[in-house]
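Protein chains in written order, with numbering that gives the first Met the number 0: chain C, 0 to 174; chain E, 0 to 102.
Be careful, since some hints might not be right.
Unchecked claim - Some chain C residues close to chain E (C-beta under 8 Å, calculated; not the full set):
hint : residue
1    : L22
2    : L45
3    : A59
4    : A71
5    : G72
6    : D134
7    : G140
8    : H147
9    : V156
10   : I163
Calculated from the structure, these hints are not laboratory results. From the three backbone atoms N, C-alpha and C, an ideal C-beta is built for every residue, glycine too.
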Amino acid sequence: MLNNLADFFSSGSNLVFFFFAILAIGGAIFMLSFTRVIHMVLALALTFLSLAGLYVLLEAEFVAFVQVLIYAGAISILMIFGIMMTKHQGEEEEPRRPLHSILTAVGALALFGILFYAIQQATFPTAGGFEPGEDNTLEIGKLLFNVHVIPFELMSVLLTVAFIGAIVIAKREEE
Amino acid sequence: MSGSIAPYLTLGAILFCIGLYGALSKKNAVIVLLSVELMLNAVNLNLVAFSKLGVNPSLTGQIFSLFTITVAAAEVAVGIALLISLFRNKGTVDVNEMDSMKH
């Protein structure tokens, strides 16, 4: 066991994984435990940033930068705007239903137990060599505009419809 | 770590379960939306991990995660718009008080 641990920490990429994983889990735990809403959003922004670090470790640089731009940037700022426009003194009070929150915790833990058991039981065949190509962004762009061009165009339609819908829903109605 | 995918899957499972707990137990609807984002992020981590360490490593997993991120952005925009509209009409963002369709 200790030998495994020493092996684990001898490799640099393992250390980087450990660092970012601790940051991600810590941000998520702080999201649960903070009481002010704005602090929760900032803690989750830390989780998003450390997930971007993990993507770089997995040689997915483009996805990492998209993660920083969209999650850590756009979605966090949008959430802060949402807090600003709904409730200025956002304060999460103590839950009034202790049984409900205990049952929720038990359910989440049970789901984690099942997932953890399945992951430990499964045997993953050794991966073939991953060829990310010289330029990750270039390769993704080629795939996106050759193989996946129809989903890509559908996605643009979806985004347009969603944003027009958001504007229509949030627009102040004329009296 | 270079050959094993299990730590990434475990981290994804932990983040997913924290997000599930937050989505079910938090009362502010903005935080509920944010917890759903955390769950989507856990799924993205699995996709990217399988795109490098899976049986057939290829870039398709990364492209799939890009699509997921796009859908998540659209979802957040519509969700925040709904929240603002609801706050304007009912004056609350507490999910326990959003029960006008209950009966």
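Tested hints:
no. : hint : in the structure
1   : L22  : violated, 11 Å
2   : L45  : violated, 12 Å
3   : A59  : holds, 5 Å
4   : A71  : violated, 11 Å
5   : G72  : violated, 11 Å
6   : D134 : violated, 12 Å
7   : G140 : violated, 10 Å
8   : H147 : holds, 6 Å
9   : V156 : violated, 11 Å
10  : I163 : violated, 10 Å
Violation of the numbered hints given earlier is confined to hints 1, 2, 4, 5, 6, 7, 9, 10; the remaining hints are satisfied by the structure.
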